[in-house]
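Chain order of the listed sequences is A and B.
Quick note: the first sequence uses our numbering, first residue 1266, plus one each step.
Quick note: the second sequence uses our numbering, first residue 1266, plus one each step.
I should point out that these hints are in silico values taken from the structure, not numbers from a laboratory.
Keep in mind that the hints are not guaranteed to be accurate.
Put simply, identical chains are the same to the list, so a pair is met inside one copy or across any two.
Straight-line distance between alpha carbons at most 25 Å, and here's what the computed SDA-like set of lysine to any residue pairs gives [as the list claims (entries may be wrong)]: (1) Lys1347 x Asp1370; (2) Lys1371 x Val1287; (3) Lys1371 x Thr1387; (4) Lys1371 x Gly1295; (5) Lys1371 x Ser1275; (6) Lys1371 x Arg1313; (7) Lys1371 x Arg1311; (8) Lys1371 x Ile1354; (9) Lys1347 x Arg1313; (10) Lys1371 x Gln1314.
2 protein chains.
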Amino acid sequence: MGFPFQVGDSAEVTREITQEDVQAFASLSGDDNPLHLDASFAARTRFRQPIAHGMLTASLISAVIGTRLPGPGGIYLSQELKFVRPVFIGDRVTARAEILDIRPDKPILRLRTTCINQRGETVITGEAVVMYEPSAEAGRV
Amino acid sequence: MGFPFQVGDSAEVTREITQEDVQAFASLSGDDNPLHLDASFAARTRFRQPIAHGMLTASLISAVIGTRLPGPGGIYLSQELKFVRPVFIGDRVTARAEILDIRPDKPILRLRTTCINQRGETVITGEAVVMYEPSAEAGRV
Chain A
1266 MGFPFQVGDS AEVTREITQE DVQAFASLSG DDNPLHLDAS FAARTRFRQP
1316 IAHGMLTASL ISAVIGTRLP GPGGIYLSQE LKFVRPVFIG DRVTARAEIL
1366 DIRPDKPILR LRTTCINQRG ETVITGEAVV MYEPSAEAGR V
Chain B
1266 MGFPFQVGDS AEVTREITQE DVQAFASLSG DDNPLHLDAS FAARTRFRQP
1316 IAHGMLTASL ISAVIGTRLP GPGGIYLSQE LKFVRPVFIG DRVTARAEIL
1366 DIRPDKPILR LRTTCINQRG ETVITGEAVV MYEPSAEAGR V
């Protein structure tokens, strides 16, 4: 079976980050930092209003990798994240992954991973390394 | 106001990763990779059974940083994650952060971030960089 990807391939997902998402991530992770949940606390910070958890926004990168590129059969080996701008409640974020290189000896992809808001501003940069195990995918019913 | 941390300070949180957590993360992120949700798909992979999303486990690091060290007033600048072992449903994971250094010129901490399972095996390694903005915290009621 050939390796179904090449350098330069890319995929993305877009999602609005809602108040409900921030509440759900706080409950799920236990990260109830008031910077994300308490408008009066957030008003005293440089952001002036609550911001989404960085890892909530980063979870959209997980969605691109787990569902699109490489999708099922992909196994996360590493992820670097730089949180370069805040994401506010109601922002619409596009997470994008692009293959930077493919190891010649193993089915391991390195991807540039970027999240951009509805104003075209980059909010997260970084890279992921993902192994692709096609046996699972090939055997899928 | 003095800087209330020093190199070597550490904090941790422990959580069981349940089937409900994995389902909730899949819904929240959109990452419905069957490796996490479908036992028959996972049975054909090297893991033999569903594993938790790497970013779900990593969200426990967000909890340590957002609630304990530095806690409220902490702002995530970056996070590196290496997913070195799978986390299975029902595993009990301890996420730990330890201050590696503090910038002399700015309130910026570099932390070693590690997740360990109930067998003492490391599942995630990495580092975080976090800014600490005490004004928000100091003004808290």
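Structure-based check of all given hints:
{"no.": "1", "hint": "Lys1347 x Asp1370", "result": "between (29 Å within a copy, 21 Å between copies)"}
{"no.": "2", "hint": "Lys1371 x Val1287", "result": "neither (38 Å within a copy, 29 Å between copies)"}
{"no.": "3", "hint": "Lys1371 x Thr1387", "result": "between (31 Å within a copy, 24 Å between copies)"}
{"no.": "4", "hint": "Lys1371 x Gly1295", "result": "neither (37 Å within a copy, 28 Å between copies)"}
{"no.": "5", "hint": "Lys1371 x Ser1275", "result": "within (20 Å within a copy, 37 Å between copies)"}
{"no.": "6", "hint": "Lys1371 x Arg1313", "result": "between (47 Å within a copy, 21 Å between copies)"}
{"no.": "7", "hint": "Lys1371 x Arg1311", "result": "between (45 Å within a copy, 15 Å between copies)"}
{"no.": "8", "hint": "Lys1371 x Ile1354", "result": "neither (41 Å within a copy, 28 Å between copies)"}
{"no.": "9", "hint": "Lys1347 x Arg1313", "result": "within (21 Å within a copy, 33 Å between copies)"}
{"no.": "10", "hint": "Lys1371 x Gln1314", "result": "between (46 Å within a copy, 23 Å between copies)"}
Checked against the numbered hints given earlier, the structure breaks hints 2, 4, 8 and satisfies all the rest.
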